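J.: Assemble the whole structure, with the sequences as input and the hints as a guide.
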Amino acid sequence: MDALDAPLLLLSYSTDGIIPFEILRKRCEAYGRVRLAANPYVTYRGGRQSKDRQDRNLEFVLIVEKGKTTCSRDKKEVERILLNRRLQLLSTDLFRPDCLRIHGKVDNYSWEPELPSARISIPTRYLVKIPQNPDIMSLCDEDIRALIQILEDCRCKNRDEELKILKEIWIQHPGECADLIKSIPRILKKMAHRKYRDEFEKHLEDIREIGRGNPGDFTLIAAELERIENQARLRLRD
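In this text, residue positions in the sequence shown follow the numbering used here: the first is 1, and each later residue adds one.
Any given hint could turn out to be false.
[Unchecked claim] Under the rule of at most 25 angstroms between Cα atoms (straight-line distance), these lysine-lysine pairs were calculated in the BS3-like manner:
hint, residue 1, residue 2
1, Lys202, Lys182
2, Lys26, Lys105
3, Lys167, Lys129
4, Lys182, Lys129
5, Lys202, Lys189
6, Lys195, Lys164
7, Lys75, Lys105
8, Lys129, Lys189
9, Lys105, Lys164
[Said to hold, decoys possible] Cβ pair distances, simulated, as ranges:
hint, residue 1, residue 2, range
10, Asp153, Glu22, 42 to 48 angstroms
11, Leu10, Arg235, 37 to 43 angstroms
12, Leu9, Cys99, 38 to 44 angstroms
Bear in mind the hints are in silico, worked out from the structure with no lab data behind them.
Source: prediction; values computed, not measured.
Each residue gets a CB set at the ideal place from its N, CA and C atoms; glycine is no exception.
T.: In structure tokens:
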């Protein structure tokens, strides 16, 4: 960086990189003011078709303004951006209701997590989905860190868990959870491979059985399910 004669430096970085973020940030601060622009993404261990979810990562660009100084406010803004991005990623996950109940109070699917200082009631979708909520973003950093830790502990770890929970919700709330039902084929498709043959066939059988008892709901996914099953026959055949 000493040899670069430029007023502005941009460094692409991922939180799964070799150099820990805090070390990189301190090194960059020696050259100027540090800010960042972040972009969330997800990786899956074993590639896109793996049923096992890997830890989520944040990819971002460090912006170094040479000749300027990073103040405490800049550091707080960077930390806040990272926390908010992690929350945004978690809002796309499915969670285990039993785990959320352990870490908070539940009242008619509103969840009050156990946080260090704040009390907040968060509306959920049957305790399996937590949409982005402006009230969450108003929490202090300490409470957001605690909330992130709870959500990471409670999120489904693989496709098996996701499908099992979605099937349970469908059975318990027929005719009421179309958005969750529509997500089933997309998740099932990730398991249409030889190494997941038994799990795939069991989930497919269960889904069709639930659908027979709820034909109106089943029409939401019937066509897509048939396409996935036809593709699976080609992939799973000996």
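J.: Against this structure, judge whether each hint is valid.
T.: Structure-based check of each hint:
| no. | hint | in the structure |
| --- | --- | --- |
| 1 | Lys202 <-> Lys182 | 19 angstroms, holds |
| 2 | Lys26 <-> Lys105 | 40 angstroms, violated |
| 3 | Lys167 <-> Lys129 | 14 angstroms, holds |
| 4 | Lys182 <-> Lys129 | 14 angstroms, holds |
| 5 | Lys202 <-> Lys189 | 13 angstroms, holds |
| 6 | Lys195 <-> Lys164 | 19 angstroms, holds |
| 7 | Lys75 <-> Lys105 | 34 angstroms, violated |
| 8 | Lys129 <-> Lys189 | 20 angstroms, holds |
| 9 | Lys105 <-> Lys164 | 23 angstroms, holds |
| 10 | Asp153 <-> Glu22: 42 to 48 angstroms | 23 angstroms, violated |
| 11 | Leu10 <-> Arg235: 37 to 43 angstroms | 42 angstroms, holds |
| 12 | Leu9 <-> Cys99: 38 to 44 angstroms | 42 angstroms, holds |
Going through the hint list in order, the structure does not satisfy hints 2, 7, 10.
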